[in-house]
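Protein chains: 2
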Amino acid sequence: MDFSLRLQENSKLVSDRLKTHLMPGQHFGPPRTLSDAMSHAVMSGGKRFRPFLMIESARMFGKNPGRVADAAAALECMHSYSLVHDDLPAMDDDDLRRGRPTVHKEYDEATAILAGDALQSLAFEILAHPACHSDPAIRAQLVLELSVAAGWAGMAGGQMMDLEEEGNAGKTRLAIIQRINAMKTGALIEYACVAGGIIAEAKPEEIDTLRSFGQLLGLMYQAADDILDTTADTKIIGKTAGKDEASKKATVVARMGVEKARAYVADLEAEAIKTLAPFGDRAEWLVEATRFVVTRGN
Amino acid sequence: MDFSLRLQENSKLVSDRLKTHLMPGQHFGPPRTLSDAMSHAVMSGGKRFRPFLMIESARMFGKNPGRVADAAAALECMHSYSLVHDDLPAMDDDDLRRGRPTVHKEYDEATAILAGDALQSLAFEILAHPACHSDPAIRAQLVLELSVAAGWAGMAGGQMMDLEEEGNAGKTRLAIIQRINAMKTGALIEYACVAGGIIAEAKPEEIDTLRSFGQLLGLMYQAADDILDTTADTKIIGKTAGKDEASKKATVVARMGVEKARAYVADLEAEAIKTLAPFGDRAEWLVEATRFVVTRGN
Chain A
12 MDFSLRLQEN SKLVSDRLKT HLMPGQHFGP PRTLSDAMSH AVMSGGKRFR
62 PFLMIESARM FGKNPGRVAD AAAALECMHS YSLVHDDLPA MDDDDLRRGR
112 PTVHKEYDEA TAILAGDALQ SLAFEILAHP ACHSDPAIRA QLVLELSVAA
162 GWAGMAGGQM MDLEEEGNAG KTRLAIIQRI NAMKTGALIE YACVAGGIIA
212 EAKPEEIDTL RSFGQLLGLM YQAADDILDT TADTKIIGKT AGKDEASKKA
262 TVVARMGVEK ARAYVADLEA EAIKTLAPFG DRAEWLVEAT RFVVTRGN
Chain U
12 MDFSLRLQEN SKLVSDRLKT HLMPGQHFGP PRTLSDAMSH AVMSGGKRFR
62 PFLMIESARM FGKNPGRVAD AAAALECMHS YSLVHDDLPA MDDDDLRRGR
112 PTVHKEYDEA TAILAGDALQ SLAFEILAHP ACHSDPAIRA QLVLELSVAA
162 GWAGMAGGQM MDLEEEGNAG KTRLAIIQRI NAMKTGALIE YACVAGGIIA
212 EAKPEEIDTL RSFGQLLGLM YQAADDILDT TADTKIIGKT AGKDEASKKA
262 TVVARMGVEK ARAYVADLEA EAIKTLAPFG DRAEWLVEAT RFVVTRGN
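In order, the protein sequences belong to chains A and U.
First residue of the first sequence: 12, per the numbering used here; consecutive thereafter.
First residue of the second sequence: 12, per the numbering used here; consecutive thereafter.
It is possible that some hints are incorrect.
[Claimed, not checked] Where chain U lies over chain A, by a calculated footprint (3+ residues, C-beta under 8 Å):
1. 40–50
2. 95–102
3. 144–158
4. 162–168
5. 171–185
6. 293–299
No wet-lab data here; the hints were simulated from the structure.
As the structure is a prediction and not an experimental result, all values here were calculated from the model.
All C-beta atoms in this analysis are idealised placements derived from N, C-alpha and C, irrespective of residue type, glycine included.
Excised from the complex, chain A in its bound form (with noise of 0.2 Å):
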């Protein structure tokens, strides 16, 4: 099977659920407006490349893409919620992603903001509910990491750097941007591999494995995207393009020109792989997953 099949044949699992966790409740549910707009973040024909790859870490150690598929879902849903309020107008202020309005653009900032609320509220829920796992204490596990993940050591964290550092770019130091990017990109597709060496019960050296390529795919991650920002067209990118150069962000590409960030891209991508060498042939679509980073066009 080619990389694109798979990435498609797991990408429908995750929408799948992701529609059945989304429907709001007959009485007393949520307010229209408001599950509409969770929807629209998040059934938007993303790439779901997260949820891949937590899916294949866990398939990795046996464990059936079904049983992975709620709290891939739950991922995708605090991935959701970060971009809807990344692109708010105090924030990075985008009107289109993926190809359509931002929620914000679509309804209005307040709904932006409550969706993205009720979206990471819902995250937990769907990895806290028995139906995610049959072990309270992996679920435990799975919400602490997300928590930690998302939170100000992790996303929300990188993101207020990213701000902070703008305006900046071109100054920020290497050390500093790689920090950022750990954060606001990395931690949550750490997540993504750690929370499927969970799931699957891997042992523990397993799972400290599984990070360390998770950390390094991460960065490679967010490189290749501002790599992208730069060299692509909006339209085949979904969202606005130069805007990172327009706002003067610190990223690779600021700091060291468009082609010492490729090679800085290839270097990581070698170690990701080696990274996933005790693995051995069990890792072909992490390992794949790593090369689609590099050569994706959005």
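On the provided structure of chain A, position chain U as indicated by the hints.
Below, chain U alone, put in the same frame as chain A:
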């Protein structure tokens, strides 16, 4: 012991716990502005009324307050996040909270959005951590209940409906106002009582009783708050008074006037206290808390 002293004692316990949780880590921790903004929101001398309810609900079943403090701190993080986001210009647009500038006034909008987001994550992190309770099934249940209370069919959904009904003052049906209040305010107050029972491993029927009590108390709390908004002074309540009328909020006061609203609160008070009958004298402090909601001046 009188109620205000008991409230103070519990508040101190929870504030101390919150201080510990809000200390940024040594390395690779959250950015300083973000942790400062989170502390600004949480350490602002609130009454810690929801933590009080949780602690006393658990203490009725013999649970030591120190064992409830983490879950109570988590609840206060959740409550504080909702205040930070509700105060944003796109929402209720308030400059003052507990007598101090709101987070977006003291910092900026982006920081306020992220501080709220990170406080929500932190709430779940505290609950899911083994330090909160030794039984992972109880931790998972605490997370599940809080995520439902905070999410689209709870607090966030209620805030959405509240905004949608704005400008409609006096015309919104009482049933809708009650639904908004049950979601916006009631859900977390209900959670406080229910979680106390869960932590103390109360029987299912006892938890049901706590839930019914919490629901009535929540409705009462919001109605009393709406009366205060009309009758009290900005200085005393620590937030801008008279705002509901100015923005034509759908409140019980707008619907039925202050006098009838007072009678409505008195009815709820009697009903709430009656609900506690199965607990007998053990429910003393929950009864006191109910009376406090009616008599409080801020």
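Consistency of the hints with the structure:
no. : hint    : result
1   : 40–50   : holds (count 7)
2   : 95–102  : holds (count 4)
3   : 144–158 : holds (count 9)
4   : 162–168 : holds (count 6)
5   : 171–185 : holds (count 4)
6   : 293–299 : violated (count 0)
Checked against the numbered hints given earlier, this structure breaks only hint 6.
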